[in-house]
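Chemist: Residue-level listing of the chains:
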Amino acid sequence: MDSDLIVQILFAAVKTGTPLLFIALGEVICEKSGILNLGQEGMMLMGAVVGFLAAYGTGSAGLGVLAAMIMGCIMSLIFAVLVLHLGANQVATGLALTIFGTGLSAFIGSGVVGQTIQGFQPIAIPLLSDIPFIGRILFSHDILVYTSFAMTFILMFVVYKTRIGLTLTAVGENPHAANAIGIKVLRVRYLAVMFGGVMAGISGAYMSLVYTPMWVENMTAGRGWIALALVVFASWRIGRIMLGAYLFGVASIMHLVLQGLGWSISPNLLAMLPYVATVIVMVIISADKFKEKLLAPRSLGKTFDPRQMA
Amino acid sequence: MKKYNLVSRLELTNITKQYPGCLANDNVSLTLMPGEIHALLGENGAGKSTLVKTIYGVVAPDKGDIIWNGKEVSIKSPSVARDLGIGMVFQHFSLFETLTVSQNIELCLSKAQLNEIGDLGERITKLSEEYGLNVKPSRYVHSLSIGERQRVEIMRCLVQSVKLLILDEPTSVLTPQEVSGLFDVLRTLSNEGCSILFISHKLHEVTEICHKATILRGGKVVDTCIPQDETPASIAKMMVGDLAEQDAGYAKKEGTVSIFNIEDLSLPAKQPFGTALKNLSFELKSGEILGIAGVAGNGQDELMAIISGEDERTVNNSISLDGADISHLHAGERRKLGMAYVPEERLGRGAVPDMSLTENTLLTHSEGFIKNGLVDWPSIKDYTSKLIAKYKVKCHGEFSEAKSLSGGNLQKFIMGREIGQNPKVLICAHPTWGVDVGAALAIHQALLELRDKGAAILLISEDIDELFLLADRMAAVCDGYLSPVVKTENTNIDQIGQWMAGTFIGNASVSNKQETTA
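Each protein sequence line maps, in turn, to chains A and B. Note that my numbering has the first sequence beginning at 13, numbered continuously upward. Note that my numbering has the second sequence beginning at 5, numbered continuously upward.
Treat the hints with care, since some could be wrong.
Heads up, simulated BS3-like pairs for lysine-lysine below, C-alpha to C-alpha not over 27 Å straight-line [what the hints assert, rightly or not]:
id, chain 1, residue 1, chain 2, residue 2
1, B, Lys491, B, Lys206
2, B, Lys80, B, Lys257
3, B, Lys396, B, Lys385
4, B, Lys274, A, Lys314
5, B, Lys224, B, Lys407
6, B, Lys491, B, Lys457
7, B, Lys407, A, Lys314
8, A, Lys196, B, Lys115
9, B, Lys167, A, Lys196
10, A, Lys196, B, Lys257
11, B, Lys340, B, Lys206
12, B, Lys115, B, Lys130
13, B, Lys206, B, Lys257
14, A, Lys196, B, Lys67
15, A, Lys173, B, Lys130
16, A, Lys196, A, Lys314
17, B, Lys216, B, Lys167
18, B, Lys428, B, Lys396
19, B, Lys140, A, Lys173
20, B, Lys428, B, Lys491
21, B, Lys256, B, Lys428
22, B, Lys140, B, Lys167
23, B, Lys224, B, Lys80
24, B, Lys167, B, Lys130
25, B, Lys115, A, Lys173
26, B, Lys428, B, Lys340
27, B, Lys457, B, Lys257
FYI, nobody ran anything at the bench for these hints, they're computed from the structure.
Construct the complete structure from the given sequences, taking the supplied hints into account.
Modeler: Pasting the structure below:
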């Protein structure tokens, strides 16, 4: 392989990894607060369709992203009210949210299937994009990719260096203790879940406005699920999520590359690669129960009701 | 006790709290002076916890006033309580294990407090030296022992210049040496004018350090006293009302034949914060109670799990019953051979929280209550109501859900259920933990009766007094090692206390085989 091809592969890996990065960053914040939201796929699809409709209607991709963020937030609020306020089971509610989002997005998007829009254009960052290799791989993308870079570093700072991050970790670790020292557990969790929703919305918008600027039913193709695996793969650490997202990005485009190189394997088999990679990674991670327990937020998936404290 | 002024630190008047079906606090009044160490005593369900939770803002009272330093206040939440200068150390610690000591303390402080303090690590180190707490700010909490964690909780209150410190059964998890360290800290605080509200079931501790005591029964204040003028027995009398015989000094017995053996058992830890078991050997004889002392988290849970078969790993020939190796058998098969267990965790291990007492009885008593594959509900219900009556379990009836019972009452039920199987070997963890004086007595007598019938009983407990009271032979665990096993009359609290702290480890000859000949 010549260096040009490698640059192209890595460029595409960043592009393919970006929606995973957005949604996984949202989910990791949500999980760090102790809430497991399996509704990622549904929120992402709703973000994708609403983002596309808004951009199609107004002609502005920026408004499309905004609409997708709001939609993602609304979806996550439904989840938050059911799970946090009414104490519903997180797994069941999350699955329901995915099924709901999948159906509803197909329904409201049926009129615009096959339409195309003008998505975001790449912006080469002056100077940085001139760096050999790196410049073309990292700094010749669109605004959303740069946003995802910034988001990763902002979250690393907030989670590991600030009081907000400490509070978030404390709530996920032991909500009863957090409540006892006066942290408003439900408020922290509401905010974390909503942040997850907003990020899922952006991730969906990236799919329908940038990655393939069009709407097709079920176009996220399980990325919401991969993101959930990615969070475990990264053992709830933000820096590793970025790394993992791009690794999955490489896995996702491998079938195109291998076909380009003239391998005669069924493209359908090769398209399975990211999903196979997910399963393998999950098996490897879960094999070490010891480590998994040490890293996962202690209260993950458990209902906490402050009214039952006394 | 120094008197600083005549204004009381805290005054409660007529605090009343009604829960569905239970009047937890009934016109409780209490006065606490600056620097006073005040004991709050009572049996389980007497309303002590509700009362302190009211003071700390976790529970809102239905009626009554709280006067703090002469001013009436309304304490709506723990953060209001902390702003007033009220700190609380919970029985189940409220620390975050994956965070450091310093981060744990930081979480409790407001921005303004943090600015005032400046360098938190430095402040912690300084306070730590001042009070002899020995707490390092950079350590992760999961790497700390229970005693150290408690000191972190106390530190958390000290950093906020606490004026009233509430301690809920602070000594139940400590070694005797750690207890005396804690008392030194409390005395220093008291001399500086900090008031302390101290909940305990251990009466000799109360007479040792408390200036005053308030005794609750059934949600009401029944008596107050100056503990120094009383004896543990006279205080117990006030708590129980009718006379319960304390400290009868039960007769010790010698076991007959060796029935249950642990041979050279080593096992790596299964949980991230667990303890590995290291070369454990001991024998248990019919007709004796073998007590194992130790501070929580030194391998008791792991030992319990491997003996009961809950931990399914097999170490061949390590566990034998009646001379036959049972280490490969699972929990159910071991039960069928005549073993019974009372685990430490009552809800979830000892009983299924959402199931009724009757159903919980059926769980370990399936033999005899199942005919032709069908459950014989009338007889199991009948049996359960007899259990409830015999052990005076307070509940709404045999169909009460296990989780609706108070800890002590559920413990009585589980003890009764397991003893009722007439086991050959009973393995029993913390049989009277959190159980009031009257119920503890009933449980003790049931255990002794079972022993006298010829059963072998392994008693794992953190309550060293209880072990001395009941056990015929004793040992201690520390960091997964087992100390030598000795006859109770040949040892004393100091020796066991030192063993709990691990002084026997490193004596290359920690072998219990020598002891059996002694």
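Chemist: Hints numbered earlier in the text: which of these fail when held up against the supplied structure?
Modeler: 2, 10, 11
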